[in-house]
Structure formats: C-alpha cells, structure tokens
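Fit chain B to the given chain A structure using the hints.
Number of protein chains: 2
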Amino acid sequence: MAKEKKLVEKITSREEDFPKWYTDIVKEAKLCDYSNAKGCLNYLPNGYAIWENIQKNLDNRFKETGVENVSLPMLIPESLLQKEKDHIEGFAPEVAWVTKGGNEELEERYCIRPTSETLFCDAWKKQIHSYRDLPIVWNQWCSVLRWEKTTRPFLRSREFLWQEGHTIHATHEEAENRTKQMFQVYYDFVTQDLAIPLVCGKKTESEKFAGAEDTYTIEAMMHDGKSLQSGTSHFFGSGFPDAFDIKYLDKENKYHSCYETSWGLSTRIIGAIIMVHGDNEGLVLPPRIAPTQVMIIPIAQNKEGVLDTANTIKEKLKNVGIRTKLDDSEKSPGFKFAEQEMLGIPIRLEIGPKDIEKNEAVIVKRNTREKISVKINDLETKIPIILESIQKEMYEKANDFLNKHIFEAKTLDEMKKIAKENIGFIKAMWCGNPECEENIKSETEGFGSRCIPEEQKNLSKKCIYCGQEAKHMVVWGKSY
Amino acid sequence: MAKEKKLVEKITSREEDFPKWYTDIVKEAKLCDYSNAKGCLNYLPNGYAIWENIQKNLDNRFKETGVENVSLPMLIPESLLQKEKDHIEGFAPEVAWVTKGGNEELEERYCIRPTSETLFCDAWKKQIHSYRDLPIVWNQWCSVLRWEKTTRPFLRSREFLWQEGHTIHATHEEAENRTKQMFQVYYDFVTQDLAIPLVCGKKTESEKFAGAEDTYTIEAMMHDGKSLQSGTSHFFGSGFPDAFDIKYLDKENKYHSCYETSWGLSTRIIGAIIMVHGDNEGLVLPPRIAPTQVMIIPIAQNKEGVLDTANTIKEKLKNVGIRTKLDDSEKSPGFKFAEQEMLGIPIRLEIGPKDIEKNEAVIVKRNTREKISVKINDLETKIPIILESIQKEMYEKANDFLNKHIFEAKTLDEMKKIAKENIGFIKAMWCGNPECEENIKSETEGFGSRCIPEEQKNLSKKCIYCGQEAKHMVVWGKSY
Numbered sequence: 154m155a156k157e158k159k160l161v162e163k164i165t166s167r168e169e170d171f172p173k174w175y176t177d178i179v180k181e182a183k184l185c186d187y188s189n190a191k192g193c194l195n196y197l198p199n200g201y202a203i204w205e206n207i208q209k210n211l212d213n214r215f216k217e218t219g220v221e222n223v224s225l226p227m228l229i230p231e232s233l234l235q236k237e238k239d240h241i242e243g244f245a246p247e248v249a250w251v252t253k254g255g256n257e258e259l260e261e262r263y264c265i266r267p268t269s270e271t272l273f274c275d276a277w278k279k280q281i282h283s284y285r286d287l288p289i290v291w292n293q294w295c296s297v298l299r300w301e302k303t304t305r306p307f308l309r310s311r312e313f314l315w316q317e318g319h320t321i322h323a324t325h326e327e328a329e330n331r332t333k334q335m336f337q338v339y340y341d342f343v344t345q346d347l348a349i350p351l352v353c354g355k356k357t358e359s360e361k362f363a364g365a366e367d368t369y370t371i372e373a374m375m376h377d378g379k380s381l382q383s384g385t386s387h388f389f390g391s392g393f394p395d396a397f398d399i400k401y402l403d404k405e406n407k408y409h410s411c412y413e414t415s416w417g418l419s420t421r422i423i424g425a426i427i428m429v430h431g432d433n434e435g436l437v438l439p440p441r442i443a444p445t446q447v448m449i450i451p452i453a454q455n456k457e458g459v460l461d462t463a464n465t466i467k468e469k470l471k472n473v474g475i476r477t478k479l480d481d482s483e484k485s486p487g488f489k490f491a492e493q494e495m496l497g498i499p500i501r502l503e504i505g506p507k508d509i510e511k512n513e514a515v516i517v518k519r520n521t522r523e524k525i526s527v528k529i530n531d532l533e534t535k536i537p538i539i540l541e542s543i544q545k546e547m548y549e550k551a552n553d554f555l556n557k558h559i560f561e562a563k564t565l566d567e568m569k570k571i572a573k574e575n576i577g578f579i580k581a582m583w584c585g586n587p588e589c590e591e592n593i594k595s596e597t598e599g600f601g602s603r604c605i606p607e608e609q610k611n612l613s614k615k616c617i618y619c620g621q622e623a624k625h626m627v628v629w630g631k632s633y
Numbered sequence: 154m155a156k157e158k159k160l161v162e163k164i165t166s167r168e169e170d171f172p173k174w175y176t177d178i179v180k181e182a183k184l185c186d187y188s189n190a191k192g193c194l195n196y197l198p199n200g201y202a203i204w205e206n207i208q209k210n211l212d213n214r215f216k217e218t219g220v221e222n223v224s225l226p227m228l229i230p231e232s233l234l235q236k237e238k239d240h241i242e243g244f245a246p247e248v249a250w251v252t253k254g255g256n257e258e259l260e261e262r263y264c265i266r267p268t269s270e271t272l273f274c275d276a277w278k279k280q281i282h283s284y285r286d287l288p289i290v291w292n293q294w295c296s297v298l299r300w301e302k303t304t305r306p307f308l309r310s311r312e313f314l315w316q317e318g319h320t321i322h323a324t325h326e327e328a329e330n331r332t333k334q335m336f337q338v339y340y341d342f343v344t345q346d347l348a349i350p351l352v353c354g355k356k357t358e359s360e361k362f363a364g365a366e367d368t369y370t371i372e373a374m375m376h377d378g379k380s381l382q383s384g385t386s387h388f389f390g391s392g393f394p395d396a397f398d399i400k401y402l403d404k405e406n407k408y409h410s411c412y413e414t415s416w417g418l419s420t421r422i423i424g425a426i427i428m429v430h431g432d433n434e435g436l437v438l439p440p441r442i443a444p445t446q447v448m449i450i451p452i453a454q455n456k457e458g459v460l461d462t463a464n465t466i467k468e469k470l471k472n473v474g475i476r477t478k479l480d481d482s483e484k485s486p487g488f489k490f491a492e493q494e495m496l497g498i499p500i501r502l503e504i505g506p507k508d509i510e511k512n513e514a515v516i517v518k519r520n521t522r523e524k525i526s527v528k529i530n531d532l533e534t535k536i537p538i539i540l541e542s543i544q545k546e547m548y549e550k551a552n553d554f555l556n557k558h559i560f561e562a563k564t565l566d567e568m569k570k571i572a573k574e575n576i577g578f579i580k581a582m583w584c585g586n587p588e589c590e591e592n593i594k595s596e597t598e599g600f601g602s603r604c605i606p607e608e609q610k611n612l613s614k615k616c617i618y619c620g621q622e623a624k625h626m627v628v629w630g631k632s633y
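Same order as they appear, the protein sequences are chains A and B.
Take any residue in the first sequence, note its place counting from 1, add 153, and you have its number in this note's numbering.
Take any residue in the second sequence, note its place counting from 1, add 153, and you have its number in this note's numbering.
Rather than coming from a laboratory, the hints here were simulated on the basis of the structure.
Warning: the hint list may mix true and false statements.
Same chains, same label: a pair holds when it works inside one copy or across any pair of copies.
The calculated lysine-lysine pairs, modelled on BS3-like cross-linking and capped at a C-alpha distance of 27 Å, are [said to hold, decoys possible]:
#, residue 1, residue 2
1, K469, K216
2, K253, K302
3, K467, K278
4, K209, K471
5, K279, K484
6, K355, K279
7, K404, K507
8, K209, K183
9, K216, K180
10, K467, K518
11, K183, K404
Looking at chain A on its own, in the form it has when it is part of the complex (with noise of 0.2 Å):
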C-alpha cells in the first residue's frame, strides 16, 4: 500500500499550485519530457498516443469539406520569407537559420518553417493558371520552430506539433467562407471531441496573425481561470498571393487576384485537457480521443478463471471497437487503480471472483468516481453508453465552469474589482483603439482582449476606459 500512496502524493493538489499540479501531470501521466535540444519536447508514447487520437479525429472532419493533406519542406529560403512584410516582421525575431550545409557556408540562408504561408504560395504559383486551378484546400500534418525563450511542456517550446491548412481561392467570399468554415470545424472537434468548452470570435486587430486580414480564434478556460488560444484561423485577403505574385485567368480570359486563408490547431491542445479536465488524481482523458477506453484489471488474478475472463472480456471489447487493455501485472490492483487513474483511463473495469460468479463486472467511471455493476454479456452494448455519457458529462462539468466564471463589466473600476477577486473571463465594452486594450490589460493585471464574439451584447455605450463610443463587446482574460 505504501507504493499506491506515494503514486498519488507525487501530485500537488491543484488548489494548492496549479502550474507545479500541471507539470506533475505531464510528467507522472508520461506526456512528454524536455529534450537536450534546448526548449523542445520529446513527446512520449503515452502524450503522442493523444495527438495521435486528435489527429484521426480532425483529419476526418477536414477530408469531410474536401481537405487533401500535403507535405512541404521545413525550410524557406531567406528570400522567401520576406515576400510579405507584415509576415516577416513578425516572425524574423523568432526563427532559426541554417547557415551550413555540410561543410560549405550557404549563399542563401534558410529559415526553419515557424509557419508556412511563404510555402504555400511558392508551390501554388506553379499551379495556378486558370480559374479551373482554383481552390485549392491543403493541410499538413509537421513541426514548426519559433525561438521562444521560455518554454512549458505543450503550452509552449521551441519545436511543437500542429496542423497547418492552406486554401486559395477565386472570391473574396469564398475564401471568407473557407476561413469560417474551419473555424467552425474546430469549434464542432474541441467541443464535441474533447468535451472542452469554448468563447469564440474574432481577434482585435493587434492580437491577429501577422500579415491577417481576420483572425478568428476558440479559446478554451482552464481551471484557473485564464485562457488557452485553442486553435485559429486566418483570412488574409488577396495580400499574400499577390506579394507572390499568384494571378488566375477568368472564363474571358482576364487576370484577377487570388484569396487566401491558413488554420492551424497544435499539441497545445493537450495542455487544455490537461488543465480543463483534469483533478488531483492526475488526467482525465475525453473518451473519444482516449488511446484506452477501458483499463481492466483483474482481482485476485491468480485466482482460477480471473485471468481467462478478463481476456475473454477484452476481446469482446476490442471487437466491437473499443480501446481496451487488461493490467494483468503483479502490481497491486491497488496500485493499478491509482495507475490507470493518473493516465486519465475513462474507465476501470473490475473483475474479480466475486464478480465472476455473480456473472458481473464493476465498472468505475474516471470522471465521477461512480461505480456500476453490469452483467458480464451486456459489456459490449453498455460500455459504448458510458463512454458516451461520461463524454458528455465531461463538457457538462467544465461548460458549468467556464459559465460560473464569465463576468460582465459596465465600467472599468468595476472590472478592476471582478478581475481582484475572481479567476475567469470578464466582457467589456471596447472602442476600438489599442491604446485602451493596452491600458485595459495592464490595469487590471493582465485581462487582454481574447477575442470579440460574434454574438455581441450591448453592456452600455462606452468604452470602458476612455469613454468614447463603444464598438465591440470584448471577451478579456489572462492568458497562457
């Protein structure tokens, strides 16, 4: 027993210091660990099994609107990345230079991709003659590098995991359209996939992606109240094919700019399950993208028949489509419970000779600790229930959260108070200058804008700080 206890202290309660619970996760739940590479992550069996999951689901909903997967180098030349001014001022800061290539000093030096829009355009000029080339709707799966000097397991390092999709298109509209319709597609695969609840809308003009003529973005609460940029998409106008100078011809035969827009969603991601799903016993992992569904573990194993039953079980389990592992270690099932608890497991599946006889299994759910008994031959209807029940209890738990910790502000000194006293996010009228975001942010320790909904509501006529007429109702939050 001594072994099972120590497992679970190995966790700091996460009222007591969230951001060492959240590293104490990541590193007991095997996620990922730092790399001698300086600021990158080795992604570990059990954190990449994760990705692996939200991978299948989103490259399904994407191939769904007609997506086909690419892949393109992960160096730009120097020359490249500098077709597009705003792109490059905002990046140059923070990428790495290959200088050498074996033994010889290059001419041209290459950047590390920290995104790829320069990419993109280069392979589309090729491509593109006549509006029958038109659109185009690519995506890669790949890592891209940003300098960052500092650096937190999933939430940010220098190399990280992501998709990258990349459309061009003959109509403004349609290009629009494309940037919503992902958009969307995130929104349905967070909420939906990984039960996690969102505030959404647009970013303010200096929180949008460099070279962006519209940045939407979902934002996820995690359990401290700040918010985590889940996922973003870009409509960029005709700016970037035509600094590449990308022109299609019409049915008469005239030139007309193209439209582009990039998304993206990386492994950051994970870091929002973490830390909107998971408690003092370590993960809990959303069903539908949980590498195992059902952890089973055998009572008194050595037991005549424990072992046989538990196998029979996990076939069954496994046939019908489940994810299902049997612990049939010499370990404790104690020690196992505590086990399968830090990995986040949905649920534990208990059998024992008790059990055998009664014809029946225990079946405890991660999430609410609730244990239910079920005839050994309705497994394989009952357990997809559970899971699905558990899915939906899950975005349940954490939607009562994000909505207890949404706060409204008519006026600035009210906002100082809320943002004092609670964690969460606060709405606020806004003007639209970025002078008064600035000084919102900064007054109140730290609330930036995350982003302006789509569903505006009239809170009072003026900006909270200057006073002048109001434009947008703003959702403002710390951040990660």
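Frame of chain A, contents of chain B only:
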C-alpha cells in the same frame, strides 16, 4: 480527342528513356515537384495520399508487434551527434547546421536530424534505470534532412519523409531478434501490400549503416534492372548505449549494457512503386495502398438516370469500405479514361444507358486492361475480389520479371559478360574483402554488392575476383 492524346503523349516511353519516363510520371500524375528550397520536394496531394496509406498499413503492422509512436526533436546539439564516433563520421559531411536562433548567434550549433539514434539514446538515458524499464520499442514518422548534391524525385532529396524505429533491450539476443522481426515486417508489408517482390539479406561491412554491427536490407528490382534499397533494419550491439552511458540494473542489482536496433523505410518506396509497376500509360497502383481504388466514369452522363445510378453505386461501394470516386466533370469519357490510367487507379467502372438497361456495369482493370461485365447488384461483393486479384497479378508479374533477371556467375569474365548483355542482378561468390567488392563493382560497370541473402548457394569455392576462399554468395546489382 486531341486533348486525350496529348495527355498520354506527354509520357516518354519507358523503353526509350527510362529516367525521363520516370520523371514524366511523377510530373503528370502530380505526385511531387521541386520547391524553392533547393533539393527539397513538395509532396503533392496525389503523392502524399499514397504515403498516408503506406503509413496506415505499416503503422498497423508495427503496432501489432508492440511498437509505440513518439515524436522527438528535429534538432540535434552538436555535442550529442559526436558521441558515437562512426556515426558522426558517416553523417557530419551531409548535415545542415543551425547557427543562429532569432537574432543571436548560438553558443552550440544544432544540426537538423539526418537520423535520430543520438536523440533516442538521449531520451532513453532518463528513462532507463532497471531491467523493468526494458525493452523500449519506439517509432516516429517524420522527415529528415541530408545535404545531398544531386537529387531525384522520391529517390534522393535533401529532406525526405520516413519512419525511424528505435528500440533498446536488455540482451544481445532480444535486440537481434527485434532487428530481424522488423526486417520481416518490411518484407511482409512490401511484398503483400505493395506487391513488390524482394531480394533480401545482410549488407556487407562497407555497405552497412554508420555505427551498426549488422544491417539487413530489402532490395527491389526496378524495371530497368537496377536495385532500390527499400528498407533497412540495423542491429547496433551496445555501441550507442555505451557511448551514451545507458546501463540498467538487473535483479541482482548489477549494471549491464543495453542493446539497440533501428529500422527505417522512406518515401523512396513510392519511387519503387512507380518503377516496378508503372507502364507507358502511367502509374499502376497496388489496390491495397491506392488512395482511390475505383473511379466511376459515367458514359453519356447527361442521359436520364446515369448520374443517379453512378452516385448510388459510389455510395454502396464506399459503404463497404472501397475507396471510390466518381468523375462527373464535363471532360469527355476518353479523357477521363486516360487520366484514371495516368493516376494508376486499379479499377475503372464504366456505367452508361446501355449498361443500366442490362443492369450491369463494365469494370476495366488498370493492370491488364481486362474488361469484366458485372451485375450492378453484385458490385459490392465482386469488386473486393477483383481488387485482390489485381494485387496478386501485380505481384506475380513483377516476380516473373525479377526471376528472369537474376543471373549466376562463376567467374569474373562470366559476370562481366552478363553485366554487359543484361539488366538485373547477378549472384556470385565473394571472399569478404572490401577491396574485391570495390573492384568487382568497378570492373562490371557498377554492379555493387546489394546483399548477402540468408539462403546461400555454393556457386563455387572461390571469390570471383581474387580466387581466395569464398565466404558468401552475394547478390550484385546496379543501384539507385
């Protein structure tokens, strides 16, 4: 009709100019093209979709043997790369160096991974303490970079996509078995899923991987008789783990060395698919990895009922898991036929008013051009059988070609004569001396050692070059 002709005429005949035929297919089937990042490829949707299916099938085979996927950094600190002497000697001349991050010169430079043995050892060092932590069986799907001077699509490019598996074990025997197991996985995958017959065995001392004790290789014969090294599995002994000071405690609390393996297969294999199966009409894809298995081409599609029937068939086939597309564009059927052949889609399904009257569809097999009439109601059951027969026929055809182009030589003169008059591989005896190996290659216009097959045949008692006692029967061939 002019357009159709043009499409097909674009491909140079395979007999006339094999290298040009190859690059024509790559271009016309839109598999990949060159990026502005010199020597790097854009893997375009048609090419990348083949890679995705290769990944899916091979990854499943890996996971059945207990492989776990991870993702390690793309950057290797120079000090880490230098830890294993043979390894750094092998790779240093061909790596790209990152010397600047953001605006600062780096104290220690990083190379972009040419392969990741060093990073895996670095990650394992933290994980391995006792025998309980072994074995570790990891793999990653990623890209690597080698500063090549001359490049060819898929066959040799600076950056290429691959998987690299790395494993570490408590005993020499277990590691050696894993090396052979993964070699077998490659063999099964390439012969069964890609329909490519293989010659395989160990590499000679001079041809093995930098730092390895043994390298096992699978070699495929292209249609020009040259060999393409298609996958390798390496046994490292304890060289790497010792260099990284990775030891484990056994049950008696004594320290021991660990034993390591690695194994990789890359996008080169797409080059093999083209050069083994392709013909003068374009690609011919093995059904098991073809992104589209059935292309439905409606005839007289404006006639009532044709498109409806075609769509119904498409949905039916998709529902039983057959990857099906319908080309309902305004192009002529002839043009569509040529395009489907260029892309190597295994089955063309023609459906027109006359077929519908007879309640039939016409199936045309890409590999043999054989036409088969099938009752519409039977399509779901017949097509999977036809796809498997195509898979089998493609293997048999390629295997016949391989067998007809393997020769045996007992003397150097005989070998020179065969090498001059034929394309293909030559089996001949060798003493084990690298000088003889080199001389044989230079005196036969490039027939280098490809592998030492496990199944040995004693062609003569003497080395074909020096006349000393022969140690091995070697398969010799020209290579890519």
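Against the structure, the hints:
In this assembly of identical chains, K469 and K216 lie within 27 Å of each other by CA distance solely across copies; the values are 19 Å between and 31 Å within a copy. For a Cα distance limit of 27 Å, the shortest separation of K253 from K302 qualifies both inside one copy, at 24 Å, and across copies, at 14 Å. Taking CA atoms no more than 27 Å apart as the test, K467 paired with K278 passes in neither setting, with 53 Å inside one copy and 34 Å between copies. For a Cα distance limit of 27 Å, the shortest separation of K209 from K471 qualifies both inside one copy, at 18 Å, and across copies, at 19 Å.
For the homomeric pair K279 and K484, the shortest alpha-carbon distance between copies (23 Å) is at most 27 Å, but the shortest distance inside one copy (60 Å) is not. With identical chains, the CA atoms of K355 and K279 are never at most 27 Å apart, being 33 Å at best within one copy and 43 Å at best between copies. In this assembly of identical chains, the alpha carbons of K404 and K507 never lie at most 27 Å apart, being 77 Å within a copy and 35 Å across copies at closest. With identical chains, the CA atoms of K209 and K183 are at most 27 Å apart both within one copy (21 Å) and between copies (25 Å).
Taking the closest pair of Cα atoms, K216 and K180 come within 27 Å of each other only across two copies (24 Å); inside a single copy the shortest separation is 34 Å, beyond that limit. Taking CA atoms no more than 27 Å apart as the test, K467 paired with K518 passes inside one copy only; the shortest distance there is 17 Å, against 41 Å between copies. Taking CA atoms no more than 27 Å apart as the test, K183 paired with K404 passes between copies only; the shortest distance there is 24 Å, against 57 Å inside one copy.
Taken one by one, the earlier hints fail for this structure at numbers 3, 6 and 7, listed in ascending order.
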